[in-house]
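Colleague: Going down the list, the protein sequences come from chains A and B. Take the first sequence: its letters are residues 407 to 816, numbered as in our numbering. Take the second sequence: its letters are residues 407 to 816, numbered as in our numbering.
It cannot be assumed that every hint is accurate.
Just so you know, same-sequence chains aren't split out, so a pair can sit in one copy or run between any two.
Think about it this way: if two alpha-carbon atoms lie no more than 25 Å apart in a straight line, the pair counts; the simulated PhoX-like pairs of lysine-lysine are [stated by the list, open to error]:
#: 1; residue 1: K425; residue 2: K554
#: 2; residue 1: K435; residue 2: K727
#: 3; residue 1: K432; residue 2: K691
#: 4; residue 1: K814; residue 2: K576
#: 5; residue 1: K772; residue 2: K807
#: 6; residue 1: K727; residue 2: K527
#: 7; residue 1: K728; residue 2: K435
#: 8; residue 1: K727; residue 2: K410
#: 9; residue 1: K445; residue 2: K554
#: 10; residue 1: K527; residue 2: K728
#: 11; residue 1: K621; residue 2: K491
#: 12; residue 1: K554; residue 2: K428
#: 13; residue 1: K691; residue 2: K491
#: 14; residue 1: K527; residue 2: K432
Hint data in this document are derived by calculation from the structure and do not stem from the laboratory. These figures come from a predicted structure and were not determined experimentally.
Okay, here's what each chain looks like letter by letter:
2 protein chains.
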Amino acid sequence: MAIKIALLGLGTVGSGVLKIIKNNQKKIKQTSGEEIVIKKALVRNLKKHQNVAKEIELTTNYDDILHDAEIKIVVELMGGLHPAKEYISEALNAGKNVVTANKGLMATFGSELIALAAKNKCDLMYDASVAGGIPILRTLSTSYASDKISEIQGIINGTTNYILSQMGEKGLSYDEALKSAQELGFAEADPTNDVTGKDAAYKIVILSKFAFGTKISINDFTIEGINHLQKFDIEQAQTMGYVIKLIGIAKNIAGKLFVEVAPCLLPNNAIMSHIKNEINALQIKSQSLGTAIFTGPGAGSLATANSVMSDVIAETSNFVKKTNGQPFSNFSRTMKLTSSEEVKYPYYLSFETEETLLDLSELFSKLEIPVREIKHVDEKTIVVTEEISRRQLQDLAIQDKYLRASYKIL
Amino acid sequence: MAIKIALLGLGTVGSGVLKIIKNNQKKIKQTSGEEIVIKKALVRNLKKHQNVAKEIELTTNYDDILHDAEIKIVVELMGGLHPAKEYISEALNAGKNVVTANKGLMATFGSELIALAAKNKCDLMYDASVAGGIPILRTLSTSYASDKISEIQGIINGTTNYILSQMGEKGLSYDEALKSAQELGFAEADPTNDVTGKDAAYKIVILSKFAFGTKISINDFTIEGINHLQKFDIEQAQTMGYVIKLIGIAKNIAGKLFVEVAPCLLPNNAIMSHIKNEINALQIKSQSLGTAIFTGPGAGSLATANSVMSDVIAETSNFVKKTNGQPFSNFSRTMKLTSSEEVKYPYYLSFETEETLLDLSELFSKLEIPVREIKHVDEKTIVVTEEISRRQLQDLAIQDKYLRASYKIL
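Could you put together the complete structure from these sequences and hints?
Modeller: Laid out in structure tokens, this is it:
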């Protein structure tokens with residue numbers, strides 16, 4: 407008896423799922439315990455998908471899927487908060503297991519949906535919602551099940567990493583690099599969510615739940631994208647032996663949780679500095695494993711579809727064993743968020759004008775900011791500090807109107 | 407009701423398991439579904455372990471564990487083939503689930519033990535047997551469950567990677583680097599299994615089963631260690647932009663499986679080239695994920711113990727759900743091994759003497775070996791070929807007695 411599933415959406419990822427099931431049927435049956443068949447797909451435009459109408463029943467009406475008792479797993483690939491949330495809720499209430507790749511949805515309504523899945527004894531898995539090409543959520547929930555994570559750092563947005571790589575290596579401007587990313591399909595026509603850091607922020611919210619057991623919202627932390635990053639600073643960082651990457655970070659600082667998405671300077675010799683273009687990477691520091699790094703494609707039809715299929719296979723295997731209804735991550739703990747006094751990093755500071763050393767020195771001295779390096783370049787001023795708190799940084803920004811950019815050095 | 411487990415061996419890894427269970431009880435209970443308690447441990451010398459005798463019943467008699475119905479999971483950390491194999495078999499026959507970190511055992515008697523576990527409806531897991539600090543086996547069996555792997559390349563022996571890093575970066579001789587590794591605890595007093603490549607070979611046997619579903623034996627492929635590697639060749643590789651690493655490889659070549667452990671040249675800009683000292687890394691190429699790299703510590707008490715605990719937690723979770731008895735990897739397929747004509751790589755060749763270009767050219771021409779680069783250094787000759795088959799390489803070795811070393815270029 408094959409397991410019947412339904413896809414909500416037949417776009418890039420949906421087509422990837424189709425292709426994988428078609429190509430790897432035998433292995434899928436071995437690993438999941440059952441044959442997996444896509445019975446129905448919800449689409450907006452029936453005509454557009456006529457090429458698959460022979461294999462899959464296409465419908466524009468979700469009720470056709472919801473009321474089909476044969477369908478055991480609903481795979482949500484529509485994106486957006488609504489009606490994705492309503493469709494998933496209805497599926498769970500109808501006793502169907504759910505797989506979703508929707509990071510915005512899980513970062514926003516995750517707790518509610520997870521509770522609903524538990525209530526209905528259904529599976530709700532979403533490995534594809536974070537770094538589709540890196541099996542990170544499943545790894546966090548199994549291989550770190552008895553480990554204590556102290557920090558997770560991620561290059562978790564392929565679009566921005568591509569743009570930064572092109573700016574840093576080929577000397578492109580931000581606009582040129584963005585255009586190149588769009589031409590290659592690494593950036594959408596409207597890249598706002600990517601370049602402002604919002605996409606990475608959703609992912610770090612989900613990662614924080616798995617790594618620290620703690621539920622946060624994207625309103626709880628600072629999000630800075632790369633849309634204000636200047637080529638000048640990328641070049642200056644390079645001359646000092648650093649690469650600028652957009653990093654999502656979640657870190658346990660003395661029992662409290664620090665979360666941020668922002669451009670950061672990484673030393674050239676760090677492995678994370680070698681993660682280029684659309685590639686994603688996650689670096690996890692933990693008590694037992696020390697430092698582990700996982701890297702893979704940041705996007706792409708098959709990469710994301712593969713994570714979706716890992717979830718579909720896990721849910722199928724649970725269905726065969728009659729063990730659906732376990733949460734994707736069991737780890738749960740409450741952590742307070744850090745205050746701005748408690749977070750300390752060395753910072754790269756970029757000032758708009760060539761400030762006099764005397765003025766700067768006095769201000770730094772007043773704010774007790776220790777300086778490692780200071781230099782004038784092209785009538786601008788670059789300062790590298792020793793470790794300072796975010797509070798000190800905020801005070802500096804208030805008192806020196808020429809401070810244009812400040813990036814953590816990791 | 408806590409799950410009671412027993413450890414066979416209380417050495418480095420065993421102490422790590424103790425420490426992890428003590429430090430992370432709350433998380434372990436959340437993630438496994440039950441409290442986990444070490445009830446008994448088999449040791450050789452009771453006196454040596456008196457410090458833990460208050461918490462754990464120590465015994466020198468395996469029957470005390472085997473006949474204890476309360477013990478649901480036996481964790482084998484003794485190493486060696488015998489009596490580890492007999493103890494595990496008896497545990498499975500007594501209906502106990504088993505976790506082992508024993509790569510030699512699983513590479514040699516894996517099939518037999520896996521069949522025995524299935525017969526007794528017990529779990530047999532061994533994530534710690536390959537690259538303890540990288541959760542690779544569980545990842546292969548879940549996140550690659552619907553993907554088609556074409557190649558797996560690993561730096562899977564920390565000792566040799568440490569030695570090669572020290573030789574390459576600090577200019578140490580092989581003997582100096584080995585001594586340094588021993589002083590730091592990265593190499594055992596008798597490093598034979600590591601430096602001859604045997605340890606890596608065991609691991610690639612297990613990886614081949616998970617990545618390709620195919621059972622092979624260490625007698626099925628070429629194993630070359632680093633014990634004959636000369637500093638001269640490391641330096642020559644460097645001047646040409648390469649790093650030499652000991653690589654275990656398993657690759658699907660036109661439907662047949664190529665497996666080898668040998669020193670290889672990797673280009674400087676490859677991420678794998680930046681994996682230094684005792685760190686391990688695995689690079690997996692697959693249809694859906696393209697190239698993914700996983701890196702983490704190659705050894706260490708807590709890193710290996712963490713993988714052991716992932717297995718213990720998975721088995722506990724199965725016990726709670728009454729689903730023990732599934733194989734660790736369901737993937738099974740028969741692949742023929744490649745013949746020496748079918749495997750082609752570019753090669754780095756090192757000749758003992760300064761051969762005349764004319765002699766070499768004639769021989770290469772006769773054997774149809776295309777040359778990319780040829781140079782004389784210190785009265786020796788270095789040749790970089792284009793892609794040649796292993797058969798061509800073997801012919802060359804027979805016909806030119808001065809060929810001292812040949813390394814694949816990846």
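Colleague: For the identical chains here, do K772 and K807 meet the 25 Å Cα criterion within one copy, between copies, both, or neither?
Modeller: Within one copy only: 16 Å inside a chain, 75 Å across chains, cut-off 25 Å.
Colleague: My question is about K554 and K428: at a cut-off of 25 Å on alpha-carbon distance, are they close within one copy, between copies, both, or neither?
Modeller: between (40 Å within a copy, 12 Å between copies)
Colleague: Evaluate K727 and K410 at a C-alpha cut-off of 25 Å and name the case that applies: within, between, both or neither.
Modeller: both (16 Å within a copy, 24 Å between copies)
Colleague: Since the copies are identical, ignore which copy is meant and state whether K727 and K527 lie within 25 Å (CA to CA) inside a copy, between copies, both or neither.
Modeller: Answer is both; intra-copy 14 Å and inter-copy 13 Å each pass.
Colleague: If the cutoff is 25 Å on CA atoms, where do K621 and K491 land: within, between, both or neither? Let me know, please.
Modeller: Answer is within; shortest intra-copy Cα gap is 18 Å, inter-copy 45 Å.
Colleague: Is it within, between, both, or neither for K527 and K432, if the alpha carbons may be no more than 25 Å apart?
Modeller: between (29 Å within a copy, 24 Å between copies)
Colleague: Classify it for me, K425 with K554: is the Cα-Cα distance of at most 25 Å met within a copy, between copies, both or neither?
Modeller: between (38 Å within a copy, 12 Å between copies)
Colleague: Can you tell me if K445 and K554 fall within 25 Å by alpha carbon in one copy, between copies, both or neither?
Modeller: between (42 Å within a copy, 23 Å between copies)
Colleague: Classify it for me, K728 with K435: is the Cα-Cα distance of at most 25 Å met within a copy, between copies, both or neither?
Modeller: both (17 Å within a copy, 22 Å between copies)
Colleague: Within a copy, between copies, both or neither: where do K527 and K728 come within 25 Å Cα-Cα?
Modeller: both (10 Å within a copy, 16 Å between copies)
Colleague: Are the CA atoms of K435 and K727 at most 25 Å apart within a copy, between copies, both, or neither?
Modeller: both (14 Å within a copy, 22 Å between copies)
Colleague: Checking an output row: K691 and K491, CA cutoff 25 Å. Within, between, both or neither?
Modeller: Intra 33 Å, inter 35 Å, cutoff 25 Å: neither.
Consistency note: the structure conflicts with earlier hint 13 alone.
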